[in-house]
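Given next are the chains, with one letter for each unit.
There are 2 protein chains.
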Amino acid sequence: MPPVAPLFGISPKTVNRELEHWMSNLNEVQSVINSVEPKLNTTPAKWKALSQHVKEVSEELSQIFNKEDPHYDVIMAGVQASKKFESAEAEISKNDGIRDRAMTRLRKYRDEIESLRREYKERERVRERYDHYRVKLDNLERKGKDQPRIARNQQKLKDAEDAYNAVTNELIEKMENCWKKHVEIFAESSIALWHMSMRMTDEFAQSSENVRPFVDDYLKSMKNNDSSFPSQDYMGADSPVSEPTKEKISNNDSTFDTSELKKTLSAKSVNSTLGHEEHEKQEEALEETV
Amino acid sequence: MPPVAPLFGISPKTVNRELEHWMSNLNEVQSVINSVEPKLNTTPAKWKALSQHVKEVSEELSQIFNKEDPHYDVIMAGVQASKKFESAEAEISKNDGIRDRAMTRLRKYRDEIESLRREYKERERVRERYDHYRVKLDNLERKGKDQPRIARNQQKLKDAEDAYNAVTNELIEKMENCWKKHVEIFAESSIALWHMSMRMTDEFAQSSENVRPFVDDYLKSMKNNDSSFPSQDYMGADSPVSEPTKEKISNNDSTFDTSELKKTLSAKSVNSTLGHEEHEKQEEALEETV
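As given, the protein sequences belong to chains S and L, one line each in that order.
The letter at position 265 of the first sequence is residue 265 when you use full-length UniProt numbering, and the numbering goes up by one with no holes.
The letter at position 104 of the second sequence is residue 104 when you use full-length UniProt numbering, and the numbering goes up by one with no holes.
Just chain S, same shape as in the assembly:
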């Protein structure tokens, strides 16, 4: 006879530790599903945010460029690469059978666990009926009731116990089998996550192929150049101001010299604190006295 635990005062409640064990295992599995399923659902959004970011910056940098400008080719390579990646990312996001399949399995698995939880609750009726006859028979025997009545209730208890054992064992088996599936379903979810991410990075690498040579040359020129400034190839010695710029950018001073302006201002407007009207009045006064 199974172990007995007190429920409320008199009637003892039969507890099946194995059943409770599998129910709590299934709860663990479901809490993982509840956290992973929505995240797997937002994986494409994470990549979209990235492709949008790269596209926005690349396009904004190109806004005021003209075909004739130096470095126009770098800028345009970036814009085209970002558009290429954006459309690849959109295609992968809306069209990934592996991920769809993994998501579907996760959701069906959650449904299966919830359905077992309902069975687990339904089973309480059978357990209550079994405990009812256990308690009742105890009472009849303690009160020394008549034999035929005891016999009748012994049969009822027998039936209730058979039902209880049948339902419990069937449920334990289902729960154990259901629980075992998580290894396969979670493995498939992990593969789906990595499969999508690999497709995205592969697409990014392909899309940025035309930008890479510019980046590589830029890095080379940075290395070969002792100054903190790269070679002419990418830092536009072709632009007439690149030389002065270099010196100016490379230190913290104001990037140009305003002394000439200041000199001119002070030299030309002797009492620049006075408005021209006051200035004029003084002049007039002076002139009258002439």
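Note that these hints are calculated values from the structure, not bench results.
Some hints could be false.
[To be verified] Below 25 Å or equal to it, Euclidean Cα-Cα: the simulated BS3-like pairs (lysine-lysine) are:
1) S:Lys-55 with L:Lys-220
2) S:Lys-94 with L:Lys-55
3) L:Lys-46 with S:Lys-94
4) S:Lys-39 with L:Lys-84
Keep in mind the model is a prediction, meaning the values are calculated, not measured.
Since the structure of chain S is already known, use the hints to place chain L on it.
Same frame as chain S, but now just chain L:
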């Protein structure tokens, strides 16, 4: 003499279209900087969000796995790859000289434009002084004032005009030279953006090397298998429930059969709608009549 536009009623204001042209060009450049600089600043955050996402999902999927479980190797490959990428991503984010350099140049360039805007405003004093003597001389001449006084003011106008032209031409040259720098600085920003993104994707590809074989085998097994279900290699035929699971997952039916439980329940609890207490009372009544 430069074109004249009315300011407020009497005094006409001298306008230099070239200066206004360069000021508005510089405003265009600065609006790009103001938008791009903060975005370039958040590029690492975009990648961090991605690596966090991949790591969270991979780790949560591994939470209730045991070494002995089938597919443990796929799960662990994912966890290790996500950790590897997370640390690579963190390293790139905090240590990217190319991006730091591009950001610094963008900020200094913005400072340079703002400093020119201040010069542009300072120049108004010289312009006002020039316009003042133009207007004054006009009045003196219209009023037919005495020649010495007119001559004196002609000299003042001459000096004011020289100052005005010197300051204006100096500023125009500075503005044009400053504006030209955007091609080089924006190109460097674009290279910085792509350089970081390429490093990230390269690191992701490297980190996920150990996951790729699992993904590839999974894809192969999906292809070779006519059923929507992949081969045993990755779908754990080693797990005793994998076969029934497969059939059940592949259609929309509840993934297991509850009929047996329902049968048992209805068979064993004849009037399950009545509580056992009512049930018992009926019995007692019956028994008294015996």
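- Message: With the threshold set at 25 Å, check whether the alpha-carbon distance from Lys-94 of chain S to Lys-55 of chain L stays at or below it.
- Response: 23 Å, holds
- Message: Check whether the Cα positions of Lys-39 of chain S and Lys-84 of chain L lie no farther apart than 25 Å.
- Response: 20 Å, holds
- Message: Would the hint linking Lys-55 of chain S and Lys-220 of chain L be met if the CA-CA limit is 25 Å?
- Response: 34 Å, violated
- Holds or violated: are the alpha carbons of Lys-46 of chain L and Lys-94 of chain S at most 25 Å from each other? 21 Å, holds
Comparing the model with each numbered hint stated earlier shows that hint 1 is the single one that does not hold.
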